[in-house]
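So my numbering is basically just the index in the sequence shown, starting at one, shifted up by 4.
No lab work stands behind these hints, which were simulated from the structure alone.
It cannot be assumed that every hint is accurate.
Claimed, not checked - Cross-link-like lysine-lysine pairs, in silico, DSS-like; alpha carbons within 27 Å at most: (1) 104 x 128; (2) 211 x 128; (3) 54 x 199; (4) 161 x 89; (5) 199 x 211; (6) 77 x 31; (7) 43 x 31.
What the hints assert, rightly or not - Just the calculated beta-carbon pair ranges, DEER-fashion: (8) 118 x 221: 18 to 26 Å; (9) 209 x 157: 28 to 36 Å; (10) 86 x 51: 24 to 32 Å; (11) 113 x 83: 27 to 35 Å; (12) 153 x 197: 32 to 40 Å; (13) 149 x 114: 19 to 27 Å; (14) 145 x 213: 14 to 22 Å; (15) 86 x 48: 41 to 49 Å; (16) 31 x 168: 32 to 40 Å; (17) 129 x 222: 23 to 31 Å.
Built from N, CA and C at the ideal position, the CB exists for glycine as well.
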Amino acid sequence: MKKIINLGVTMCLCAMVAMCVSCNSNKSKLQIAVEEAQKQCPMDMGVIGKVSSFTYENGVLTIEMCMNENIFKVDALSTDIDAAKRSALNSLSTLTGDIKNVMSELVNEKAALVYRYVGDQTQKSVEVKLTYEEVEAAINASPDDVNYEEELQSQIKTANTQCPNQVDQMTVLDSISQNDEFVIYNYTVAEDNIKITDMEGQATNMKAMLAANMQQNMAAMRIFLLCCINTNHGLQYRYVGSESGQEFNIYFAKGNLQELIGE
Numbered sequence: 005m006k007k008i009i010n011l012g013v014t015m016c017l018c019a020m021v022a023m024c025v026s027c028n029s030n031k032s033k034l035q036i037a038v039e040e041a042q043k044q045c046p047m048d049m050g051v052i053g054k055v056s057s058f059t060y061e062n063g064v065l066t067i068e069m070c071m072n073e074n075i076f077k078v079d080a081l082s083t084d085i086d087a088a089k090r091s092a093l094n095s096l097s098t099l100t101g102d103i104k105n106v107m108s109e110l111v112n113e114k115a116a117l118v119y120r121y122v123g124d125q126t127q128k129s130v131e132v133k134l135t136y137e138e139v140e141a142a143i144n145a146s147p148d149d150v151n152y153e154e155e156l157q158s159q160i161k162t163a164n165t166q167c168p169n170q171v172d173q174m175t176v177l178d179s180i181s182q183n184d185e186f187v188i189y190n191y192t193v194a195e196d197n198i199k200i201t202d203m204e205g206q207a208t209n210m211k212a213m214l215a216a217n218m219q220q221n222m223a224a225m226r227i228f229l230l231c232c233i234n235t236n237h238g239l240q241y242r243y244v245g246s247e248s249g250q251e252f253n254i255y256f257a258k259g260n261l262q263e264l265i266g267e
């Protein structure tokens, strides 16, 4: 099942850049890293799309991604660039190790950072731009400085711009909502393919698959899960039959999420 598309997902791609940093050149560490990363392009991001290029020109590091528009609505990002930018900055604040070192090199060179999203069908593009000052403030921020409630609301709002989202042949993600206890993924299930009662019989397997998906995509999911944990929310996957209206739910309590991210 599809997760909330968090703009912070792109930060995990910088790990490839970090692996290539070397001091044995007249070029800067950042230039070398970007050139080596470019050799790895296109980089597969799974069904969402691919990283098309890394470029560093005129003091700007640009990461361009070609997005699968059957899943990711590029136009939707432009409806709230501030939310997209805030999400990217909050993701930067959680970086550690080599990935954080790459961003430190960017700051040292006073370079800007641009994420460019390009639709694979329409070729429409949207850019999220960060100054080196913004990157510096974000990577030096304490986790305690993150407003998790504000970030959670921002992520839910951004995710809902992508809805409705056809997850697969039988499932549509209609919206993301929340109550006092859970952030809720609201799905409609086409019951000409599968009945809600049949899904109930697979509850254990489905929960294990959802957990495995979150763990496999932890670089992308971590900030979102931290937002849930720090606002005392779990996750609820709510499936409603298209014909019967019957409802089936899978729950991850706050404690389950803490186990997933190793806290």
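Right, here's what the structure says about each hint:
1. Straight-line distance between C-alpha atoms of residue 104 and residue 128 comes to about 30 Å, which puts the hinted pair past the 27 Å bound.
2. Restraint check: the Cα-Cα separation between residue 211 and residue 128 comes to about 36 Å, which exceeds 27 Å; the hinted pair is violated.
3. Between residue 54 and residue 199 the CA atoms are separated by roughly 34 Å; this puts the pair beyond 27 Å, and the hint is violated.
4. Proposed proximity of residue 161 and residue 89 is supported: the alpha carbons are some 13 Å apart, at most 27 Å.
5. A C-alpha spacing of about 17 Å is found between residue 199 and residue 211, which places the hinted pair at or below 27 Å, so the restraint holds.
6. Of the pairs offered as hints, the one joining residue 77 and residue 31 is violated, with about 38 Å between alpha carbons and a cut-off of 27 Å exceeded.
7. A distance of roughly 17 Å separates the Cα atoms of residue 43 and residue 31; the hinted pair therefore holds under the 27 Å criterion.
8. Distance hint check for residue 118 and residue 221: the Cβ-Cβ separation is about 23 Å, which falls inside the suggested range of 18 to 26 Å.
9. For the pair residue 209 and residue 157, the beta carbons lie near 32 Å from each other, so the given range of 28 to 36 Å is met.
10. Range check, residue 86 to residue 51: Cβ separation about 27 Å, and the 24 to 32 Å hint holds.
11. One distance hint, 27 to 35 Å for the beta-carbon pair residue 113 and residue 83, holds here, with the actual separation near 32 Å.
12. For the pair residue 153 and residue 197, the beta carbons lie near 38 Å from each other, so the given range of 32 to 40 Å is met.
13. Our hint of 19 to 27 Å for residue 149 and residue 114 holds, since their Cβ atoms are close to 23 Å apart.
14. The hinted window of 14 to 22 Å between residue 145 and residue 213 is violated, with their beta carbons roughly 34 Å apart.
15. Distance hint for residue 86 and residue 48: a CB-CB separation of about 30 Å, inconsistent with the stated range 41 to 49 Å.
16. The hint said 32 to 40 Å for the Cβ distance between residue 31 and residue 168, and at roughly 47 Å that hint is violated.
17. Taken as a hint, the range 23 to 31 Å holds for the pair residue 129 and residue 222, whose Cβ atoms sit roughly 28 Å apart.
In summary, the numbered hints that this structure violates are 1, 2, 3, 6, 14, 15, 16.
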